[in-house]
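Enquirer: Each chain, written out:
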Amino acid sequence: MSLLEVNNLTISFGGLRAVDGFQLQIKKGQLYGLIGPNGAGKTTVFNLLTGVYKPNEGIVKLDGQDITGLRTIEINKAGIARTFQNIRLFKELTVLDNVKVGLHNHYHYNTIEGILRLPRYHRVEREMNERAMELLKVFGLDNEADFLASNLPYGKQRKLEIARALATNPKLLLLDEPAAGMNPNETGELMDMIRFVRDEFQMTVLLIEHDMKLVSGICEELTVLNFGRVLTQGETATVLNDPQVITAYLGED
Amino acid sequence: MKNLKLNKIRNHDFITYLMVLIAFLIAGILSVTGQMSSLMEGLLVPLCIYVMLAISLNLTVGILGELSLGHAGFMCVGAFSGAFFSKCLDGAIPDGLRFFIALLIGAAVAGMFGILIGIPVLRLKGDYLAIVTLAFGEIIKNLVNVLYIGRDEDGFHFSMKDSISLNLKPEGEVIINGAQGITGTPNDSSFLIGAILIFISLIIILNLIHSRDGRAIMSIRDNRIAAESVGINITKYKLMAFSISAAIAGVAGVLYAHNLSTLTASPKNFGYNMSIMILVFVVLGGIGNIRGSIIAAVILTLLPELLRGLSDYRMLIYAVVLIAMMLFNWSPGAIEWKERMKEQYFSKFPFRKDDKNMKKEVK
Numbered sequence: 001m002s003l004l005e006v007n008n009l010t011i012s013f014g015g016l017r018a019v020d021g022f023q024l025q026i027k028k029g030q031l032y033g034l035i036g037p038n039g040a041g042k043t044t045v046f047n048l049l050t051g052v053y054k055p056n057e058g059i060v061k062l063d064g065q066d067i068t069g070l071r072t073i074e075i076n077k078a079g080i081a082r083t084f085q086n087i088r089l090f091k092e093l094t095v096l097d098n099v100k101v102g103l104h105n106h107y108h109y110n111t112i113e114g115i116l117r118l119p120r121y122h123r124v125e126r127e128m129n130e131r132a133m134e135l136l137k138v139f140g141l142d143n144e145a146d147f148l149a150s151n152l153p154y155g156k157q158r159k160l161e162i163a164r165a166l167a168t169n170p171k172l173l174l175l176d177e178p179a180a181g182m183n184p185n186e187t188g189e190l191m192d193m194i195r196f197v198r199d200e201f202q203m204t205v206l207l208i209e210h211d212m213k214l215v216s217g218i219c220e221e222l223t224v225l226n227f228g229r230v231l232t233q234g235e236t237a238t239v240l241n242d243p244q245v246i247t248a249y250l251g252e253d
Numbered sequence: 001m002k003n004l005k006l007n008k009i010r011n012h013d014f015i016t017y018l019m020v021l022i023a024f025l026i027a028g029i030l031s032v033t034g035q036m037s038s039l040m041e042g043l044l045v046p047l048c049i050y051v052m053l054a055i056s057l058n059l060t061v062g063i064l065g066e067l068s069l070g071h072a073g074f075m076c077v078g079a080f081s082g083a084f085f086s087k088c089l090d091g092a093i094p095d096g097l098r099f100f101i102a103l104l105i106g107a108a109v110a111g112m113f114g115i116l117i118g119i120p121v122l123r124l125k126g127d128y129l130a131i132v133t134l135a136f137g138e139i140i141k142n143l144v145n146v147l148y149i150g151r152d153e154d155g156f157h158f159s160m161k162d163s164i165s166l167n168l169k170p171e172g173e174v175i176i177n178g179a180q181g182i183t184g185t186p187n188d189s190s191f192l193i194g195a196i197l198i199f200i201s202l203i204i205i206l207n208l209i210h211s212r213d214g215r216a217i218m219s220i221r222d223n224r225i226a227a228e229s230v231g232i233n234i235t236k237y238k239l240m241a242f243s244i245s246a247a248i249a250g251v252a253g254v255l256y257a258h259n260l261s262t263l264t265a266s267p268k269n270f271g272y273n274m275s276i277m278i279l280v281f282v283v284l285g286g287i288g289n290i291r292g293s294i295i296a297a298v299i300l301t302l303l304p305e306l307l308r309g310l311s312d313y314r315m316l317i318y319a320v321v322l323i324a325m326m327l328f329n330w331s332p333g334a335i336e337w338k339e340r341m342k343e344q345y346f347s348k349f350p351f352r353k354d355d356k357n358m359k360k361e362v363k
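Protein chains in written order, with the numbering used here: chain A, 1 to 253; chain B, 1 to 363.
In isolation and in its complexed conformation, chain A is listed as follows:
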């Protein structure tokens, strides 16, 4: 059974059908790529999947549960976490606290216990620190745990965003251009990391990317979007050699 099932997803902004009849099936544990020229509607699809926009039509099912039109918070609780095209970290919080915000809904004590520093506060905070440090270690950020997030170099900020998303313990991870602004070395490292995340956390990953090296390197299947519509879908090698796709990217001669 598919983990994510999207059917006939449509949204219009005024007269523009930004996403039109979008459909997608992702199996559990898959590394799936969503590609397309600029303005094709890729990020809009992400925003529809995470409840930032409400679709005009269509159904989104996660693990059999209908999550169409739910609010962002509820969708996150249902199991979708994401990163952003332009990094959105909690800049004035430490690296550790960024991850701990991600853990927010999985560790509980109430406000009074927090203010009075009752035993549960100390116990839960200790557990949160341990879990957050584990995650930071995976991404090689454990030595920077005390830094303000805004003081991290660019590549590490991207990693921290992924760590924070994983902290919410999602079933599906959406990465919006994770390699944007990275040099080839960092991109290579990122590819290893995404694979590692999939294997280590049994994660399913849907990613938007322009870097074809990354896409062909790690994605098992692809969907190509053009002008809001699905151009083609299928295995990576087949899709990338599809003349339609090449035309969409390079234009006709």
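It is worth saying that the hints were derived from the structure and are not from the lab. Any given hint could be a false lead.
[Claimed, not checked] Which residues of chain B face chain A? A partial, calculated answer using Cβ under 8 Å:
1. 13
2. 16
3. 19
4. 20
5. 200
6. 213
7. 215
8. 219
9. 223
10. 228
11. 229
12. 231
13. 233
[Said to hold, decoys possible] In the PhoX-like style, the derived pairs of lysine-lysine whose C-alpha atoms are separated by at most 25 Å in a straight line are:
14. A/91 - B/236
15. A/77 - B/342
16. A/77 - A/28
17. B/338 - A/54
18. B/338 - A/91
19. B/342 - A/91
20. A/156 - A/91
21. A/28 - A/213
Backbone N, C-alpha and C fix where the C-beta goes; we use that ideal spot for every residue, glycine too.
Put chain B on the given structure of chain A with help from the hints.
Expert: Here is chain B on its own, set in the frame of chain A:
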């Protein structure tokens, strides 16, 4: 690594508590031994009130990241509800207990207003929120000015017109008399109580900031969209910060009401100027810097009084100090200089724990 971080937070908060304690002891000793002028002595309770207002507004402005210009409104609500309660039950229950309950009532009513106003207002952002909170502060003040409440054997009577239309029986008593406010509130406030309340407010705010809820509040401030994407309930945490901030302002209001024999809502004490003054404390002390707010509130409250001898030049110097403090706190050059001094200072006087350990090893 992580222990180091927790220790750092604890030390930072500890210094704040210690600073307040030392300031309290010095002021207390001066006051008890009679070294303090009666003018200064009269300033001690207002000082506590301003400090509480400043740190509570910093929770809204610095930690939640929303600009509120109506903080004096919450203080007003707290002052009148607390004073109303005290007036009603004066003599019926022991004074200490009555004042304690009055403080709780002030906090609860102001906090409730915080929630009521927060629900519509916190949907707005930036300038809009500032304007609406500004309006709220003015509305509260004006409402209280036309509110008449009296009591006789039939119970309470309300009116928005005048005290005659309350239709009280001859032996009845007007409790809130419109623009004349509440007269004869018992004088329960003292410097000691004020200091204790500052400590309690500090514990609430500082511990809140370093808890799970505080992180959620600050994550909203730093990036609302990202906070939503990791499942933070924006409305809940905005309301939480806003209402706690309002409740502490309410307590400050109760303290204020019980420091005067007559409580009226004039533009001077609960108006727009007051809200702005509290905001000035917060901005000068450093947005999000609780310790800074305390220092700024103390300096800017004492300064006009200390400069009284200079008569005409008083406000001029006050303004110059404002500008100087602003530059010292916020100009990039000054920030750099402070960092440098801190480094030098710490390397010259090795009294830090780890330095001590190093010395031991050398031995």
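Enquirer: Next step is simple, just say for each hint if it's right about the structure.
Expert: Taking the hints in turn, this is what the structure says about them:
1. 13: With Cβ-Cβ at 11 Å, over 8 Å, it is violated.
2. 16: For residue 16 of chain B, the interface hint is violated, since the closest Cβ of chain A sits about 16 Å away, which is over 8 Å.
3. 19: violated, 20 Å
4. 20: Cβ of residue 20 of chain B sits 18 Å from chain A, so the hint is violated.
5. 200: violated, 10 Å
6. 213: holds, 5 Å
7. 215: holds, 5 Å
8. 219: holds, 4 Å
9. 223: holds, 5 Å
10. 228: Holds - the Cβ of residue 228 of chain B comes within 8 Å of chain A, reaching about 4 Å at its closest.
11. 229: Holds: closest Cβ of chain A sits about 6 Å from residue 229 of chain B, inside 8 Å.
12. 231: holds, 4 Å
13. 233: holds, 6 Å
14. A/91 - B/236: Distance ~21 Å between residue 91 of chain A and residue 236 of chain B Cα, so the pair holds.
15. A/77 - B/342: violated, 45 Å
16. A/77 - A/28: holds, 18 Å
17. B/338 - A/54: violated, 50 Å
18. B/338 - A/91: Holds, at roughly 22 Å.
19. B/342 - A/91: holds, 24 Å
20. A/156 - A/91: holds, 13 Å
21. A/28 - A/213: Within the cut-off at roughly 23 Å; holds.
Violation of the numbered hints given earlier is confined to hints 1, 2, 3, 4, 5, 15 and 17; the remaining hints are satisfied by the structure.
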